[in-house]
Amino acid sequence: MTFLIQQTLLFAIPLMIVALAGVFSERSGIINLALEGIMIMGAFVGVLAVRILQGVPAFQQAAEAVSSFNAGTGEASSAWVTLQGMEILCMLIAAVAGAIFSLLLSYASINMKADQTIGGTALNLLAPAISLFLIRIIVNQNTMGMAGGAGGASWFLIRKTFFGVGANEDMGFLGNTFLDKTYLATYLTILLFVLMSVILYKTRFGLRVRSCGENPQAAASLGINVYKMRYAGVTISGALAGMGGFVYALTTQGCTTNGDVAGFGFLALAVMIFGNWKPLNIALGALLFGLFKCIAASYATLDINADGHFLLNEIGISSYIYRLLPYVITLIVLALTSKSSRAPKAEGIPYDKGMR
Amino acid sequence: MKKILALMLVLALVAALFVGCTGETKPSGNESKPADTQSAEPGKSNNPDDIPDTMTSADGKYEVAFVTDVGQLKDKSFNQGTYDGVKLFAAANNKSYKYYQPANGSDATDEDRFEAMKAACDNGAKVVVCAGFMQGTALAQAAEAYPDVKFVFIDGWSLGKDNVAGIVFHEEQCGYLAGYAAVKEGYTKLGFCGGGGGTNDACCRYGYGYVQGANDAAKEMGVKVEMNYTWLYGASFSASPEMQTLCAGWYENGTEVIFSCGGSIFESINSAADAAGKKVIGVDVDQSLVSKNVITSALKGIGEAAQQALEAAFGIKGDWGEWSGANCKNLGAAEGSVGLPVDTWSLKNWSVDDYNALFEKIVKGEVVIDADFSKLASTDNVDLKIVE
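First to last, the protein sequences are chains L and S. Residues in the first sequence are numbered from -12 upward in steps of one, following the working numbering. Residues in the second sequence are numbered from 22 upward in steps of one, following the working numbering.
None of these hints come from the bench; they were simulated from the model. Quick caveat, the model's predicted, so the values are computed rather than measured. Any given hint might turn out to be false.
[Said to hold, decoys possible] Sample of chain L residues facing chain S (criterion: CB under 8 Å; computed from the structure): (1) A101; (2) T104; (3) G138; (4) G139; (5) A140; (6) N245; (7) A284; (8) L289.
The beta carbon of each residue, even a glycine, is placed where N, CA and C say it ideally should be.
Just need the whole structure built from these sequences, with the hints factored in.
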């Protein structure tokens, strides 16, 4: 069970935050197909930031202290807190990079009134090319990881020993699941998800952003600057997606980047539509999708109630069925909910002051 | 006016993406590198990293050409290893050299590969080294079109042409050594993740040898070995969260070491190993520098093979006839082309002397390793669980 929850979170968290990124943009009236591209840029810049910060003596010493502690030779220390700070810093840098990259989309589709779908597609094609190009220049190969062969987990993974619990002691179900072998990024992302959802629904700013996605002319007539709101929506979207890209690279690829995020940006778009452009539904959708993706990848070694039997493997269903499941479930849920599903009314339409 | 501006912006965006894509068939001419290092004295430099990847020859001709397999030149694996051999040969013998990447990256077609070979021949290549079994069709076409140019086909087979040398490796031998080493080290729960989805013969031979090695070691030690074996999620040789979860599941249930046999899937497997505090075995080149989790790597000497073939092609050493025509070169332990890196491995319970003794037996033929991977199945001491 612990394994299942932890792995599901690894799949679901990037999906969740990037889908919310999509919501911010679409609720302000701009279709953001570029989520995949922004994730790629975020992952690239985030990993690059890790590489650069690795050279800072304070972080180096902290990493050495943690690694000797993990090896069982060092003193229990609070050095790991420093590394978590470094992780947060890199997440912020990735978010800034995503926000800047998304300005290309805002400029094309808000100021230039270009077709938003084409603009987004162009960014999706641009991002892997640019990041691979730069990766090749920086490390002379097509995958960029941390310097000196360090793994992302060895620097940033939180282990139970950090809390003064012995390596062989049990922390109880909650401790084992939510404290041991986790990334701080996972919880920060959940917090951020909640915070941004509240902002979108409970603040004046959120209301204004949403109104620009429904009827921008009406919003403008009440003195709201539609251009500003749309810029804000897309920029927040870019920041969240960029951060999501780095979280993906950190938690599932051991802090490496290769100009690819395995289509997670497009999956996030699907989750967003699946969740009907509403944060709570999106969170549930991402968890559901993550759960079934996780089952599909690991059903053969899944021991839910820890009795030594791999139930899903033993009932003899073909593995292809398990791998179909995430998509079949998506189809079923969409079929059942699509009647009440509706996109923001003005999304995809360039704002024109004179239009009624 | 605004419409025109908008159109221009979209065009500019689209144009910008092609900046990153163009020039793939062309040799990437990096002119900023100093050209004086190219004239390295014969036999002076033994470190391929000291030799620049691109050089400018005085007459604009490049005698030795290298056409890459899918993936980038600097992949720390197959392409890079082969090109290192080409560079070392060129530096030692004062030849001009150049590399060519077929267009369209991993979606390259036979036509793209042929175009790259054609560009090489038109640039005055006397020998073209082609890496990867996927180049077979294009190579046959190019060898026909340029009968005066010699071709070296790495990971290939005999094309029956006098100007083509085929080189095949005994991957099963280094796979065997890796499996044997892992069990002798004390691991009894092993894993194997292969690339290419089971259609790549080299990966299949690695895997089958690995099983045999584990079996023989387990028999000697009187233990039973469990092995998870899969081709899932590795078909494109790239990292994926599914691969990471699969391996995390294996590690969670006791698997102690996984043989990562397929390029970039290593990132996902290593990430799972990091989190679980478990081990990995690398492939093709020594990957212990990439991660501390790597206990050893199954090596094959692609660079040396390229060097030897080039020496034969230029008539410096060896007989080209042995490599080409109906013949093809099988390289294994006897030629010193496969093995484990003894200097950098982190094995504690299995000594270098034991390794050398076993290696000697393979060379002498006292230990015979089967390369017919269609016979893959559970053996007396290895309980094979194929995950598909």
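Status of the hints after comparison with the structure:
1. A101: holds, 4 Å
2. T104: violated, 11 Å
3. G138: With a closest approach of 4 Å, the G138(L) hint holds.
4. G139: Holds. Min distance 7 Å.
5. A140: holds, 3 Å
6. N245: Holds: closest Cβ of chain S sits about 7 Å from N245(L), inside 8 Å.
7. A284: holds, 4 Å
8. L289: holds, 7 Å
The structure fails hint 2 only (numbered hints given earlier).
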